[in-house]
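**Q** Read off the chains here:
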Amino acid sequence: MTRGLYLGWLVAGTLALILACALAVTIGPATVTLTQVAGSIGWHLGLSAEPGAPVLVDAIVWQLRLPRVLTAALVGAGLALCGAVMQSVTRNPLADPYLLGLSSGASVGAVCVVILGLTFALPVAAFLGALLALTATLSIARVGGTITPVRAVLAGLAIAQLAGALTSFIIFWAAKGDSYREILNWLLGSVAGASWGSVTIAATALIVVGTGILLSATRLDAFAFGDTSAASLGINVNRTRWALLGGVALLTGAMVAVSGAIGFVGLILPHLVRGISGPGHHRLLPLVAVFGGLFLVIADTLARTLFDPRELPVGIITAFIGVPVFILLIKRKRSHLWA
Amino acid sequence: MGVDLKHVSFSIDGTPILHNVSASLKSGTVTGLLGPNGAGKSTLLRLIAGIDKADTGSVSLDGITIGSLPRREAARRIALLEQNAAPSVELSVLDVVLLGRIPHRTKLMGSFSGDDDRAIAVEALTMVGADSLVDRSWQTLSGGQQQRVQIARAMAQQPSLLLLDEPTNHLDVSAQLALLGQVRELGLTAIMALHDLNLAAAYCDQILLLDEGILVASGTPAAVLTPEIIGTVYGVDCFILEHPRGGHPVIVYAAAEAS
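Sequence lines, in order, name chains A and B.
In the numbering used here, each residue's number is its place in the first sequence (first place is 1) plus 4.
In the numbering used here, each residue's number is its place in the second sequence (first place is 1) plus 2.
Watch out, some of these pointers could steer you wrong.
Quick list of simulated restraints, FRET-style, between CB atoms [claimed, not checked]: (1) Pro-229(B) / Thr-150(A): 55 to 63 Å; (2) Ala-20(A) / Ser-60(B): 52 to 60 Å; (3) Ser-29(B) / Thr-150(A): 45 to 53 Å; (4) Leu-122(A) / Lys-55(B): 44 to 52 Å; (5) Gly-201(A) / Arg-120(B): 41 to 49 Å; (6) Gln-85(B) / Gly-216(A): 29 to 37 Å; (7) Leu-332(A) / Asn-22(B): 30 to 38 Å.
A partial selection of chain A residues facing chain B, derived with a Cβ cut-off under 7 Å [to be verified]: (8) Gly-216; (9) Phe-229; (10) Gly-279; (11) Pro-283.
Here chain A is said to cover these stretches of chain B; the calculated rule only asks that three of the stretch's residues, wherever they fall, bring their Cβ under 8 Å from a Cβ of chain A [what the hints assert, rightly or not]: (12) 57–64; (13) 242–251.
Keep in mind the hints are simulated off the structure, nothing from the lab.
What you are looking at is a predicted structure, and each value in this text was computed from that prediction instead of being measured.
C-beta: ideal position from N, C-alpha, C; glycine also.
Just chain B, same shape as in the assembly:
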C-alpha cells in the first residue's frame, strides 16, 4: 500500500524529534530510512505504524489516515519489527509466529490457537525458509534465525505494509544479505531503518535520509547517496563507485589517515 507523509512533526517532552517530514512512497516499493543515530528513524517508524501520533501533520496509507484507525485495524495492515526484541518468557518458534495472528482474532476470547491460525503460521515460516524451526525454542536460535522468525511473525499478521527497525543489526554478512533479499521477495511495501549505506543502496528502491529530525534528502539511492550529501550528514569523506553487477552506487569511505 502507498504511504503518504504530510508535514509530520513530533516531539517528546518538548524535545523535537521529527520536523516537517513529507514523503510519498509507492505501493510495493522498498524504502530505506537512513540517518545518523538519533536522527528520528525509529520514531518515524512508530508514527507510520500508528503506535505514536504525530503532533502535527498526518500519515496515511492508501489515503486512510493512520490516526483515524482503531489500533487493531492498524495492526491488520501494518507489521513492525523492532530491533533486538526479546521475549520475557520461553516461547517456541510457533508461539512467536502465532503472535502475529492476534490482530485477526475475535475480540474477547480469541481462538484457542485455532487450526487456521496454525496453518497460516506454518505457511509464514515456510515463506521465510524457517519451517524446520517450528518446534524450536526461540532462545536457542541464532540472531539470523530469530530475525527470520520475526519476519514470519510479521507475515502471519498478513500486513500490506512492513516496517523494520534495523533488521540487520548483529547479523553476519550472509544473514544480512539473506534477510534483505527475503524482504524484497515478499513483494510488500516495506520501510526499513538501516545503518549500512551499501545495503540500503543495494536493496532499496528509494532512500529517505533523516538528520536531526529533518528529511534532508529523498529519492533513488543514486540521487541521495552522493559524496556531498553523505559528507554533510555523516561528516565522513567517501567515494561513490558503480556496482559491477547491479549498477547501484557503492560507497567507499576514505580511510582516516588519507583524509
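Chain A extracted, bound-state conformation:
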C-alpha cells in the first residue's frame, strides 16, 4: 500500500471515530441532537458563552453519555494496541490480554480494592493483577525455554478461569445488593458506570503507554522471525520484551479498572487491521488504535440499545463478533505454524 493510501485510511478512520462518538452520544432513551451535543461540549470547554442545550439534555450529554462513549473509545484503542504488541513479542497470533488471562487477573485486583473501599488504588491493583496473571500464564506455558501459541492459550484459559472464579467469589462473599450484575460487569466487561474519572484513567494510561508502544514500532517489527533473529538485528530481546509486556499489563490494568474484562478486541482488531496496513508496526499501531476505539464505541452503542431498556454487558457483543473471527483465524490454512 502506498503512503498516501495508508494516510487516507488513517484520516478516514479518525473521522469515522469522531463521528461515531458524536452519534453515539445522540442515541439513547432521551432524544439529543448533534447540535445539542456540540453545544454542550462547546460550553463545558469554554468555547461558547451560552449553554448550547437545555439543562437536562446538557446533563445527559456531559454527565452520562459523553464519558461513557469516550471511555469506550479509549478502552477499545488501548486493548487493540495491547493485542498488537502481545502478538508481536510473543509471536503468537492468538495473543490478547483477554485470552492470556491478563484482563481476568486485572479484574481480581480491581475487585479486591473496590471491596475494601480503596478505589483510589484501582488502576494500580488492576495493573498488579494483570502483571501477576501474565507472569503466571507465561511460566505455565514455558516448557524447555519455548512458549508455543497453543500452550500459551491453554495456560491463559486456566488462569482466566481461576481469576474469574476468584472475582466471583470475592463479590459474592463481600458485596451487598445486586452482586450478579456486578460480577457480570467485571467478567464480561461494561462501560455503563463510566465517569469523567474513568476517562482520566483510561486517557492517561493510553497516552503514556501508547506513546511508548508507538516509539517501539521498529523493535516490534524485529520480532517477526523470532528472538534470535531480533537479537541479530540489534534488539536487546529480553529487555525489550519485558518492557513492552509490562506496558501491556499497565495498559490492560487501566482499561479493566474502568471497564472490566472486555474480550476479543485485542485479538481480532490487529488481524483485521493488518489486512489494511500490512504487518509493519509503524503503520499497524496507529490504525489499530483508531479502529479499536471505533469498534468498541459501536459495540457499546449496540449493547445499550439493542434490547432497550435492558442493557447488555458490552463483552457479550464483542464476543458475538469476536468468536466467529477467532474460529476463522484457527481454521486458516497456515495455522500449522502456530503449534
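Chain A is already provided as a structure; the job is to place chain B on it using the hints.
**A** For chain B alone, coordinates are given in the frame of chain A:
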C-alpha cells in the same frame, strides 16, 4: 572482517557446550563449521554474532571484542541466518528484506520504511537474483527462494561478516549449489554451519571441525577432511578422492555392508 576466537568456552545451565575454542579466520574467507549434531555449531555462531556471551575467552572482529559492542553496533557488522526461520505473521518478500535495515534506523521512530531503505532492499534482492519476487508473500515461496530472500535480508543489513546456520537444509541439490555459490560471490567473510562434508569441501576456504564442544581440527578442507579425522569424529568409514575439476577432496562413504 577478520574473526579471532580466543579460548572461548560456554555452558548452558552448567552443561558445557563449547570448551576452549580458538581460531583465527582471515577477512574475505569462507569458513565451514562442521561437526555432528550437538557439537556446538549453532552456539558458536550465536557467540560470534554477539547474541550470547562467552563464559570465558573472547570473540573479536578486526580486533574489536564483540562483547564490548552495543547490540545495535554488532548488528550493523554481523548478519546471522538461522535455520528454518519462519515469521509469525504474513510478510511480503520486501517486508522481510527491509527487516535487515532495522539496525541502521534511527533509534526512536525509525523511518516510515523510507525510500533509501527500499532501494537498498531491492538492490539486495537483485544481488541474489530474487528481485522478481519482491511483492510475493513469503509463505508462498519455495524453500530455496526463502533462503535466497533471507540472504538478501542479511545483505540489506550491509554486514562485514555473514553467519549462516545450516543454510542448505531442506533444499534440493541445485538450490544448495546455487546458494553456496552465491555466498562465495558476495565476497564477504562468511562462516557457515554445514552438515554436508562434500559441500563444505567444495565451497569453503577452511574448515573448523567441532566435536562435543571441542575444536578437534581446523585448516584447509584437504587437511581436515581425512579418513582418520572423519572416522574419529563421525564414526564412519570413508575414502577421500580428488575432485576431477576443482581438485578439492571428495568424501565417499563406505557402504554399511562393505564395512
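**Q** Now look at each hint and say whether the structure bears it out.
**A** Hints versus structure:
For Pro-229(B) and Thr-150(A), the Cβ-Cβ distance of about 39 Å falls outside the hinted range of 55 to 63 Å, so the restraint is violated. For the pair Ala-20(A) and Ser-60(B), the beta carbons lie near 57 Å from each other, so the given range of 52 to 60 Å is met. In this structure the hint that Ser-29(B) and Thr-150(A) lie 45 to 53 Å apart at CB is violated, the actual value being about 36 Å. Under the hint 44 to 52 Å, the C-beta atoms of Leu-122(A) and Lys-55(B), about 45 Å apart, fit the expected range.
In this structure the hint that Gly-201(A) and Arg-120(B) lie 41 to 49 Å apart at CB holds, the actual value being about 47 Å. At roughly 34 Å, the beta-carbon separation of Gln-85(B) and Gly-216(A) lies within the given 29 to 37 Å, and the hint holds. Our hint of 30 to 38 Å for Leu-332(A) and Asn-22(B) is violated, since their Cβ atoms are close to 54 Å apart. With a cut of 7 Å, the hint placing Gly-216(A) at the interface with chain B is violated, because the nearest CB-to-CB distance is about 11 Å.
For the restraint placing Phe-229(A) at the interface with chain B, the shortest Cβ-Cβ distance is roughly 5 Å, inside the 7 Å limit, so the hint holds. Using the Cβ-Cβ criterion of 7 Å, the hint placing Gly-279(A) at the interface with chain B is not satisfied: the shortest such distance is roughly 9 Å. Annotation: Pro-283(A) was flagged as interfacial toward chain B, and the flag holds, the nearest CB pair being 5 Å apart, inside 7 Å. Coverage of a stretch by a chain is defined here by at least three residues with a beta carbon nearer than 8 Å to that chain's beta carbons; for the region 57–64 of chain B and chain A the count is 0, and the condition is violated.
Residue count for the region 242–251 of chain B with a Cβ under 8 Å from a Cβ of chain A: 0. That is fewer than the three needed, and the coverage hint is violated.
Hint compliance for this structure: hints 1, 3, 7, 8, 10, 12 and 13 are broken, all remaining hints hold.
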